[in-house]
Amino acid sequence: MLLEIEDLNVHYGRIQALHGISLTVDEGEIVALIGANGAGKSTTMRAISGLRRASAGRILFGGDDITRMRADRRVVAGISQAPEGRGIFPGMTVLENLTMGAYTRKDKAAVAADQQRVFELFPRLAERRKQPGGTLSGGEQQMLAIGRALMSRPKLMLLDEPSMGLAPMLIRQIFDIILEIREQGTTILLVEQNAQQALSRADRAYVLETGAITRSGSGSDLLVDPAVRDAYLGVA
Amino acid sequence: MDFFQGMADNFSNLWTIIGDLTVTGLTQGAIYALIALGYTLVYGVLQLINFAHSEVFLVGAFGSVMVWGWLGYSSGAAAVPPLLVVIGMLLLGAVTASIFSGGTALIIERVAYRPLRRKNAPRLIFLITAIGASVAISEIVGLLVDRKVVSTPALVHQKFQVWFDPSDIGLNINSFGITNLQIGIVLCAIGMWLALDLFLNRTKFGLGIRSVAQDEDTAALMGVNKDRVIMLTFLLGGLAAGVAAVLYNLKFPQITFDMGFLLGIKAFTAAVLGGIGNLRGALVGGLVLGLVENWGAGFFGNDWMNVTAFVVLVVVLMFRPTGILGDSLGKARA
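Protein chains in written order, with this note's numbering: chain A, 95 to 330; chain B, 4 to 337.
Just so you know, the hints here were simulated from the structure itself, not pulled from any lab data. One should not assume that every hint holds.
Only some residues are given here: those of chain B computed to face chain A with a beta carbon under 7 Å [stated by the list, open to error]:
#	residue
1	Ser-214
2	Gln-217
3	Thr-221
4	Leu-224
5	Met-225
6	Gly-226
7	Val-227
8	Asn-228
With a straight-line cut-off of 20 Å between C-alpha atoms, the simulated PhoX-like cross-links for lysine-lysine are [to be verified]:
#	chain 1	residue 1	chain 2	residue 2
9	B	Lys-207	A	Lys-202
10	B	Lys-229	A	Lys-200
11	B	Lys-207	A	Lys-224
12	B	Lys-207	A	Lys-200
13	B	Lys-162	B	Lys-254
Ideal placement from N, C-alpha and C gives every residue a C-beta, glycine not left out.
Isolated chain A, as found in the complex:
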């Protein structure tokens, strides 16, 4: 198992956001986390990347307990995240944003090669490399967020709502690229409100409701699950 979460609890002050979540992600998988607004999807992501402290439970990464590890150390360990709202540094150029993605790396030649690879995945970014991140369109920012998350050569990439605010055609394109990234050897855990896309592309998925996991299974199984269809796919 690359990632194992055991009985994870997270509190915001007195409010409990996650109630004992357990999930696993195996090497080479694409796993989706779906659920309504406020179900705790982003909180789960933030707990994995270290922006939120777990109040109870354990997070194991590659067999090591990282529950108490600082967020910046987890990047070195091999976790990267394209956060909710994309988190583009608005005052930095596209190039500088990508350099930030490789902040922990010292192998300059390989970083340059990876930057080239990102520009091949997202030719739009290459055109705009000198432009400040804040002036990009929503879709371009999403591409930059994903590209930047690749720059640390992560073992596990966390994608928080990669489809948010994008046109349907762009969503398909982004998911195509996510599949491609997996083909190149990166494991992916993604959070989505667009359950249709997420379930049809993911190997496995978990359904999160008010801070607890209520269902799990292969993406194709959940896609035909009547309860899931009713609640998240907008079809009766």
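Mind docking chain B on chain A? Use the hints.
What follows is chain B alone, placed relative to chain A:
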């Protein structure tokens, strides 16, 4: 009528001595600017006004005078030493002041701010520990020097140079001179600003600082160690304050343990005036403040110097609440 006549006299008086006022103003402004850089850097990264920064400057000023004193260059030393010795002393003073000021800045961060950050304390609390740290440090310095005025050694032989006579080009103002020291001080301020600007925009450490200033959570996701970035920021501000301290020692004959207060307020004003969080703003704000208060002193009389400075601050902020150049380090915090 007398009042207006007085104003007119003042104005013609101001005009005839405007050259000297301008040179003095720019020199003082350069020192404000160097201190302002520290306020602006820390604010840009933490949105925190480090009110103890004036004492970062203070410790550097006393540190360098102390080391000079150990080497026999204290006040009252009859003659200015030979040039090579002067250069050595200036470098030594700069290194000493930077170590003292940088060290003080790091200690303040560690003792007064970091424990509060760990506990997510509200902003107001930082303000109180800042004022506490400021008072404590200035009183400690006061104890060490018996609360006495300390004289600075005359290290630089100030050469007065009149470049041209303004009446030659038809201007009805007094001729004015510029000393080597005044030129040096202004050049130092510009040089320090340039160095910091390059550091922030061209190096990886600078990129790390800017990332925390723009979005600290995302910076952590990139692997940036926030504590280290904050320490570095305080250190950079301390270095600039150290340079300011040496220049101050060269320019003014005496220093006192409580001089940080007004100077700190002025430098902070300069930072706000230029646009806090903006390095160039600190430079521009410092120079503008120095100019304005000296012109004000020439126009209204010396007692009005500080009044002019703060009235100008208020007026500028009324029309440009973000200062002359606006926020930039944490710019477009989207």
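Cross-check of the supplied hints:
no. : hint                  : in the structure
1   : Ser-214               : 6 Å, holds
2   : Gln-217               : 5 Å, holds
3   : Thr-221               : 4 Å, holds
4   : Leu-224               : 5 Å, holds
5   : Met-225               : 5 Å, holds
6   : Gly-226               : 3 Å, holds
7   : Val-227               : 6 Å, holds
8   : Asn-228               : 5 Å, holds
9   : B:Lys-207 / A:Lys-202 : 12 Å, holds
10  : B:Lys-229 / A:Lys-200 : 19 Å, holds
11  : B:Lys-207 / A:Lys-224 : 17 Å, holds
12  : B:Lys-207 / A:Lys-200 : 11 Å, holds
13  : B:Lys-162 / B:Lys-254 : 13 Å, holds
Comparing the model with each earlier hint shows no violations; every hint is respected.
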